[in-house]
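Listed below are the residues making up each chain.
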Amino acid sequence: MALYNNNFKSKWALFVRNGLIIAFLVLFALATIFPIYFMLISSFGDPVEAGAMSYSLIPNKISFESYKFFFNFSPYSWDWLLNSLIVAACITVSNVIFATLAGYAFAKMKFKGKNILFAILLGSMMIPGQVTQVPLYILIVNIFELQNTYPALIMPSIVTVYNIFLVKQFMSSIPGEILEAAKIEGCSQPKIFWHIIAPLSKTVMAVLAILTFMAAWNDFFWPFLVTNTMDMQTIQVGLKNFRFANTTYFAPMMAGATISAVPMFILFFSLQKYFLEGVTVGAVKG
Amino acid sequence: MNQTLTKRRKLRLESDSGWGYAFIAVALIAFCLFTAYPVINAFMISLQEYRPLGSTYVGLENFKNSFTDELFWKAIKNTAVYTLLTVPINILISFLIAILIIPFKKRTQTVFKAIYYLPAVASGVAMAVVWLWIFDPLKSGIANQIVMFFGMENQNWLGSSATAMFSLVLMSWLSSHGTAIIIYLAALLGIDNSYYEAAEIDGATFLQKLWFIVIPFLKPTTLFLLVTGIIGSFQVFQNAYLMTGGGPDHATTMVGLLIFNNAFTYFEFGEAAAQSLVLAAIIAIVSFIQFKFLGKDIEY
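One line per chain: the protein sequences are G and P, in this order.
According to this note's numbering, the stretch in the first sequence is residues 1 to 286, in order.
According to this note's numbering, the stretch in the second sequence is residues 287 to 586, in order.
Be aware that one or more of the hints could be misleading.
[As the list claims (entries may be wrong)] Dumping the calculated BS3-like pairs for lysine-lysine here, alpha-carbon to alpha-carbon at most 25 Å:
{"id": "1", "chain 1": "P", "residue 1": "K392", "chain 2": "G", "residue 2": "K11"}
{"id": "2", "chain 1": "P", "residue 1": "K495", "chain 2": "P", "residue 2": "K505"}
{"id": "3", "chain 1": "P", "residue 1": "K391", "chain 2": "G", "residue 2": "K273"}
{"id": "4", "chain 1": "G", "residue 1": "K273", "chain 2": "G", "residue 2": "K202"}
{"id": "5", "chain 1": "G", "residue 1": "K11", "chain 2": "P", "residue 2": "K391"}
{"id": "6", "chain 1": "G", "residue 1": "K114", "chain 2": "G", "residue 2": "K183"}
{"id": "7", "chain 1": "P", "residue 1": "K495", "chain 2": "G", "residue 2": "K9"}
[To be verified] Covered stretches of chain P (in silico footprint by chain G; criterion: 3 or more residues with CB under 8 Å from a CB of chain G, positions within the stretch not fixed):
{"id": "8", "region": "340-348"}
{"id": "9", "region": "446-452"}
{"id": "10", "region": "461-473"}
{"id": "11", "region": "563-571"}
No lab work stands behind these hints, which were simulated from the structure alone.
Even glycine gets a Cβ: it sits at the ideal position worked out from N, Cα and C.
Just chain G, with the same shape it has in the complex:
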């Protein structure tokens, strides 16, 4: 007994009901993944100007000419991918380290001002990005003069409040007795962190790493603001440049979009469990 009544008189009625539900779910699923399907299929077309071409939903041939076209657009096309990888990897590593440390401190350690500091951090999540965007740009570009460098791309995301919050939520469920026992045995905090906390937190670290990597890889706005030469741009900014320079080349544009999205698809399908788990870690008990 549950929300649904499963005590049907005939098996057929149950079968029909479930069939109808599945049909609806599949229909909506098709609608949501249609853009992705359309992107993949179209990217194998020839790099000709769109003009009066008709779009087909079934691939009639597979050609990689459009991918070539995309990479030939700029001598730095490969650099875009490399830059994205470097930036996303650095941001991920620093977030895993520093958010885990801070999350542990806020969840389990005792020090003066802890609660008020955490409240301030939490409150800052409510501030819209638009407020910090202009002063942050001035700070990085005009004061630190870091325009067009990796530090400019990485530093503002070195550790996010959201990740600290995520770790703290998770750490709160670790029983305090283990830590007390370790302390009485004379274990110092760094040792506790390394030998007890870190091994226990592998899941939350994995979730955090994946979500952070994805956000950094897909970020468009900040890299777009602080880079001004093609060799320093990330794939998202490069894709935007390509689109504005080649407004009529349909298939190459789809190839570019595919290139920017496929690494995340691969990551998603190989680590799906962590993606889907990550959503609820920070949101339970809304």
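With chain G's structure known, arrange chain P on it following the hints.
This is chain P only, laid out in the frame that chain G set:
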């Protein structure tokens, strides 16, 4: 003397002061530098005519200019319309899907969760590029083929002020609902079976169970999705920037895009900062109202 010493030692054992601050040091420095300082600075810039070498203090001039600027009000109106059309309907879609997924086996659920989540994995720029072609104004465009199949005229989707906003809304409806669905599912699994059993003994129908058990139980989740959804929607800018540029005739200029343009197209940093603070105030007020009126009977 001896006693105070042991007391102090005991205190040291209980408090982790030194290491505590060391563990949060990087996070705190990053927060001060990249969040706290910019927020304080935003207030200062909003009172200035900003120039890289020597800004001049202009008082509330920037705020006054914003409030008398028709475009600013239009942007607020556009943002409100977009929010009203997307957030409630997206929540409704997620709720419906979650309810429909729940009777199936865990494996089936996971497959659907993954499919609905997938578009969120693709970058926003990639999706904007794809939707741009779906909304191709030519007769051969996908969206046009669909409406023509139903016997309607082909549309100049993003190019006409009558349909541009609707096109962006449509894109939001058909984008990823994975996150909200997963959150709803987690909440649904938290409802104890005994409630349904009790209801069934009283002869409750499916819809009655939905109305009297599920919806009240999911209220905190709905409120969470509503508040975060509205906060996110008020800041929306990327799709408008990449797909319509705010046009045609400012029909899709959102506040986020207006601030971006003021700052990085016209380099009116002062005005952009002022407008961003107004936006923050609006978001704060709207969130407060939601908690006040919807959060009344919710216990945290």
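Results for each hint:
1. Between K392/P and K11/G the CA atoms are separated by roughly 21 Å; this keeps the pair inside 25 Å, and the hint holds.
2. For the given pair, K495/P sits about 15 Å from K505/P by alpha-carbon distance, which is consistent with the 25 Å threshold.
3. Between K391/P and K273/G, the direct Cα distance comes to roughly 16 Å. Compliance with the 25 Å bound is thereby established for this hinted pair.
4. Pair hint K273/G plus K202/G holds up; C-alpha atoms about 14 Å apart against a cutoff of 25 Å.
5. Between K11/G and K391/P the alpha-carbon distance is near 17 Å, which keeps this suggested pair within the 25 Å criterion.
6. Of the pairs offered as hints, the one joining K114/G and K183/G holds, with about 20 Å between alpha carbons and a cut-off of 25 Å not exceeded.
7. For the given pair, K495/P sits about 21 Å from K9/G by alpha-carbon distance, which is consistent with the 25 Å threshold.
8. Coverage of the region 340-348 of chain P by chain G is violated [criterion: at least 3 residues with CB-CB distance below 8 Å; count 0].
9. Three residues within the 8 Å Cβ limit are the bar, and the region 446-452 of chain P against chain G gives 0, so the coverage statement is violated.
10. Against chain G, the region 461-473 of chain P contributes 8 residues with a C-beta closer than 8 Å to a partner C-beta. That satisfies the three-residue criterion, and the hint holds.
11. Restraint check on the region 563-571 of chain P versus chain G: 5 residues with Cβ-Cβ distances below 8 Å, three needed, restraint holds.
Hint compliance for this structure: hints 8, 9 are not met, and every other hint is.
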